[in-house]
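Q: Below are the chains, spelled out letter by letter.
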Amino acid sequence: MTNLTVNGTVRAVDVDPDTPLLWVIREQLGLTGTKYGCGIAQCGACTVHVDGAAVRSCSMPVSAFTEDQKIVTIEGLSPDGSHPVQKAWLDLDVPQCGFCQPGMIMASAALLTQKPNPNDDDINSEITNICRCGTYNRVRAAIKFAAQGGQVRRG
Amino acid sequence: MTTALAVSRRKFLAGSAAAVGGFSFGFHVPFGGEASAAAGTTPEINAWVMIKPDDTVVIRVARVEMGQGSLTGLAQLVAEELDCDWSKVTTEYPTPGQNVARSRVWGDFQTAGSRAIRGSHDYVRKGGAAARQMLIQAAANEWKVPVAECAAANGVITHKGSGRTTTYGKVAEAASKLDPPKDVQLKDPKDWKIAGKPVKRLDTADKLTGKQVYAIDVKLPGMLNAAIKDCPVFGGKIKSVEATQVRAMPGVKEVVQVGDTGVAVVADTWWRAKTALDALPIVWDEGPNADLSSGSIAEMLKAGLDSDQGVFVGSQSGDVKAALAGAAKRVEAVYAYPYQHHVTMEPMNATALWTNDRCEVWTATQNGEAALAAAASAADLPVAKCEVYRLHLGGGFGRRSTSHDFVRQAVLIAKQIPGTPIKLIWSREEDMLHGWYHPITQCRLTGALDQDGNLTGLRMRISGQSILSTVNPQGLQNGRDPVTFQGLNPSGTEGVLGYTIPNLLIDHAMRNPPIPPGFWRGVNNNQNAIYLECFMDELAHAAGQDPLAFRRKLLVNHPKHLAVLNAVAEKAGWGAPAPQGVYRGLAQHMGYGSYVAACAEVSVGDDGKLKIHRIVAATDCGYAVNPQQIAAQVEGSFVDGLTALLYGEITLKDGKVEQENFDTYEMMRINEMPQVESIIMPSGGFWGGVGEPTIFVAAPAVLNAIFAATGKRIRTLPLKNHDLRKA
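Chains as they are written, first to last, in our numbering: chain A, 1 to 155; chain B, 1001 to 1727.
Treat the hints loosely; a few may be bogus.
Ranges between beta-carbon positions, derived for each pair [said to hold, decoys possible]: (1) B:SER1087 x A:ASP120: 34 to 42 angstroms; (2) B:ASP1606 x A:LYS70: 45 to 53 angstroms; (3) A:ASN117 x B:GLU1299: 53 to 61 angstroms.
A few chain A residues that don't get close to chain B, going by computed Cβ distances all over 12 angstroms [claimed, not checked]: (4) THR34; (5) GLY52; (6) THR66.
No lab work stands behind these hints: they were computed from the structure.
Beta carbons: idealized from backbone N, C-alpha and C, even for Gly.
Given only the sequences and the hints, what does the whole structure look like? Please build it.
A: What follows is the structure, given as structure tokens:
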């Protein structure tokens, strides 16, 4: 039995210790907003926060985590979709199919915590998630929009 | 049995909805017998429109949403004619089973070929207009006034004489009992208030919070999970499986064979199923293709460039042989396009529940009716005893219309465990190894220039794979695959060659390697546009002419092709100096009924490093139902098209695909994404597609710009295989 602190709640999970965190989140905890895309930390669809940092949960065994680490999934980023990144995403109509977007949003939120005003180079180096629909330009615009408090119009 | 299950599913749904805050916005997720949750309590005005007493409008959408925005666009078209309050619009997918049961009242469910809107705009608008008339009639009946004295706007009906008003919600019940009108008048698009406007997508909010349920997220009570391996060599099958070795592993419930070619492990969780599957000793009979390689396929296609066997003509005029013989200058080049994978972000998956008399499937499909047929066939049950529930797709790009192999497999597994829902998820590796790949072709082009540099003849020989031969042989025309000639057709409304060339021969030596081909966003337009537009650039340079001026002369008879080309040239500043070190390239093409062009700006460093700075792209799709979503599709299609150009190549060794995940099958990421400026220039009078067309011009525009920058003609994809340092 492992204790995990997910979205502010301590959850006890009975799981093989080498199970990736992603599958514990999806299958044991039932939080399916975090997506499986590759299983080898390439695409970032599985991105969650661990103590505020973006982590690709598909490639980290659950045994690597302790109860005092705060894990946050897309469901816990805000109670009602009101995180500045989520609001910027809504304002700029960023998602297309949306499958990569939880990971994109989590990576972007972590970037903004780390660098409240990221420049293009920061975005290029930190946002390495794959989006097959091609939302990259809107992701970039929305990160900047969120950084500026949602005040600057796109264009 | 079935009833009990339906009840338990409903209970479950209520529980899960509460847990995630309810499906309050966006899409109803159909579970079990509740496919039309609103039906029964909500008056159905007609197949397209239901209106609740609180004025909520539920618009039924037959085509699926996979990111392309047609869910919103189709709802806009219905809402426009309905004259309802857009802020009260929600949407719902009817099921394929309901479509069968109601004599296909919703028409085609297929979401492919950029046809969602252009293929159904007429009847969905009529659905909205008919519902509007019935609602007004119901109000007039209630007020006992002539219907001509009543009008509707924004979901409110007004009697002109008395000023009395009511709402759609109040008269919906009465309207649902009226006979539909025999004929309806559609609005002139210039009068549109909801359609044609850049309204926000209807499906965004749930995609930001994790609430959006994709097929891979489906949960059913008692559900088990399956991981599968199908023979990695095309045409191979299972020789033996040592199931006893994994049956005792944690969580494992069953090890089952899936047809002759696959084996699946069923466990309590997918991770445990996959772990056991990876430990399962499987011996394959690799079959007749065990020696197949990319090299042997390339040889097969190369032979087709010179062959007169198995050749089909696409377009022919004049006497190209004589033109080439009499040319002042002949230009010749051979191009090639590789296999590529769709790589949807959501891997293939389906959940199936089979009992003796019923089979239900939850999945992401671009063709619900084909999914239903696949389910019924695998279930060995009549279609009427099967149902498919559609969920939003985590990407489609043609993969989920080409084949429903994943549905078949899920049902074949579920059939071996009756009464238990089985969710089958393909690992990314399984997905990469079992694609329906962008077909492979080569092309030799020979052009004749006269002494004034006019193009007097063009010979274009395509050699390679036909999609229809494998996927839909009934679509062949006396053996000829018409889809091969996309964008090269002499006439028609789908994809016409814009250049007028007096002596022309385009033909196809059909060569079909035993690799499953599929419809891949843009399909054969992708390579045809590269072949033609890069060769046009070669011809222009051979003629000593500006590539824009050279094309303009040849496009005189096709003003729409010319207009998009002119638009990008003007906006990009063609003819004016580009920034230092930056070079431009052009391309134009017509496909899926739309006209597109692009101008790319690139630089190539001394180290050969390519940077794509800017793309200007123009689209004339006739009518623009949502300009904002069209812009998103244009941006997205450049990501897809440029990824294909930069990295896209599936290779084969020993009959097996060599690329199994994103580490060996790279994707363009945000750092490589150019600025994209889209020009949406709907000229009216026709309905063209949007989801695919601009992808055609992505690669050729960049390739032509690379030539301008380096003097190098790159004639094979992907660019990762090439050294771009100046010669």
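Q: Examine each Cβ of chain B, and state whether all of them lie more than 12 angstroms from the Cβ of THR66 (chain A).
A: holds (21 angstroms)
Q: Over 12 angstroms to the closest beta carbon of chain B is the bar; see if GLY52 (chain A) clears it.
A: Since the minimum Cβ distance to chain B is about 18 angstroms, GLY52 (chain A) lies beyond 12 angstroms and the statement holds.
Q: Report holds if the minimum CB distance from THR34 (chain A) to chain B is greater than 12 angstroms, and violated otherwise.
A: violated (7 angstroms)
Q: Using the Cβ atoms, figure out if ASP1606 (chain B) sits within 45 to 53 angstroms of LYS70 (chain A).
A: Once the Cβ atoms are compared, 48 angstroms apart, the range 45 to 53 angstroms for LYS70 (chain A) and ASP1606 (chain B) holds.
Q: Could you say whether the range 53 to 61 angstroms given as a hint is met by the Cβ separation of ASN117 (chain A) and GLU1299 (chain B)?
A: Check passed, 56 angstroms falls within 53 to 61 angstroms.
Q: Note whether the CB distance of SER1087 (chain B) and ASP120 (chain A) lies within 34 to 42 angstroms or breaks it.
A: Holds: the Cβ-Cβ distance is about 36 angstroms, inside 34 to 42 angstroms.
In the structure shown, a violation is registered for the earlier hint numbered 4 alone.
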